[in-house]
Amino acid sequence: MAEAHGKEIKISLCIPAYNRPGELERCLISVKKAKKKPWEVIVSDDSKEEVREKIKEICKKYGARYLPGPRKGLAMNEKNLVKNAKGNFIVFFGDDNQVTPEYFEEMEKNYLEYAEKYGERIIITGKEIRDGVEVTPGELTFLGYQAKEIEDRENAKAIVICSTLFPKEFLDRVYFDPVLDYGLDEVDLVYQALYHGYRIIFCPSIINIHLRSPAGREKYHWMLERNRVYEMLKIYGVYQRNILKFILYLFAGPLHLLLHAIKTWKFSLIKGIPSAILNFYHFYRRWKWR
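Our numbering applies: residue 388 is where the sequence shown begins, and numbers increase by one.
Think of the hints as simulated: they come from the structure by calculation, not from any bench.
Here a beta-carbon is modelled for each residue, glycine too, at the ideal position from N, C-alpha and C.
Here are the simulated SDA-like cross-link-like pairs (lysine to any residue), alpha carbons at most 25 angstroms apart as the crow flies:
id, residue 1, residue 2
1, Lys535, His647
2, Lys441, Tyr569
3, Lys443, Gly409
4, Lys555, Asp568
Per label pair, the in silico range of CB-to-CB distance:
id, residue 1, residue 2, range
5, Ala639, Lys470, 36 to 42 angstroms
6, Glu436, Ile630, 44 to 50 angstroms
7, Leu645, Gly450, 46 to 52 angstroms
8, His647, Tyr453, 38 to 44 angstroms
9, Leu635, Glu444, 51 to 57 angstroms
10, Glu489, Glu444, 28 to 34 angstroms
11, Ile649, Asn475, 47 to 53 angstroms
12, Glu395, Arg628, 34 to 40 angstroms
13, Tyr582, Lys504, 21 to 27 angstroms
14, Arg517, Tyr668, 30 to 36 angstroms
15, Pro457, Leu499, 30 to 36 angstroms
Could you build the full structure based on these sequences and the hints that come with them?
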């Protein structure tokens, strides 16, 4: 077991599962084949009742610890995993992702290298091969799209969540937002990390394979666009406390979504605007008393 500053690196691989037993089995097979293994594997299962027994069987077969999920969206499932993890580092991993043979080896190697340089207050992230296409972390544009290349690899403002090593002590203080039931959860983790003074480092040798399953993505577009507006209001208004950008985005963000809905004839997206603003109002009231 590798050590950093006298502490063993114990990685809890945390998998929020959702109605995809076949993909989960392939994921766990890839973990078994990795040159270096995580300290533990945990699955928090938000699946339907009729799928849960199959998920339990797969977890037992491959030595993963099974937890019933809270069924309150992705962020709450991630929170359930963190609460039950026993390692001092956590990797969130989709049930339709797979590790490369060198995945955990590269994680530990890069963490040790940069912890020596910057201390323990770091988060390292890598890239993924998504449906055959290489995807690297994308920093945010003003409107909230992860489309900008990283300017400084050792001061990144983006992650690929399934190739990221988080210190558990950071995740123990994270606010897992129940509004982010699908999409933008990784952006929220990035800006909470920056808010708390963590350095994010991009290490391209850490790679996961993502073969995206269509299951569970039926409402993805509407939820993603609503959450984008909501998250950017949080970033400008709370995490960065940039009043000018907050005011500009309060007008530009909803207007952009409205025009996009009209242009694409996806009028259901419009309901995401008042929902995002109302969600931000409730979030701000809670946050200011933390």
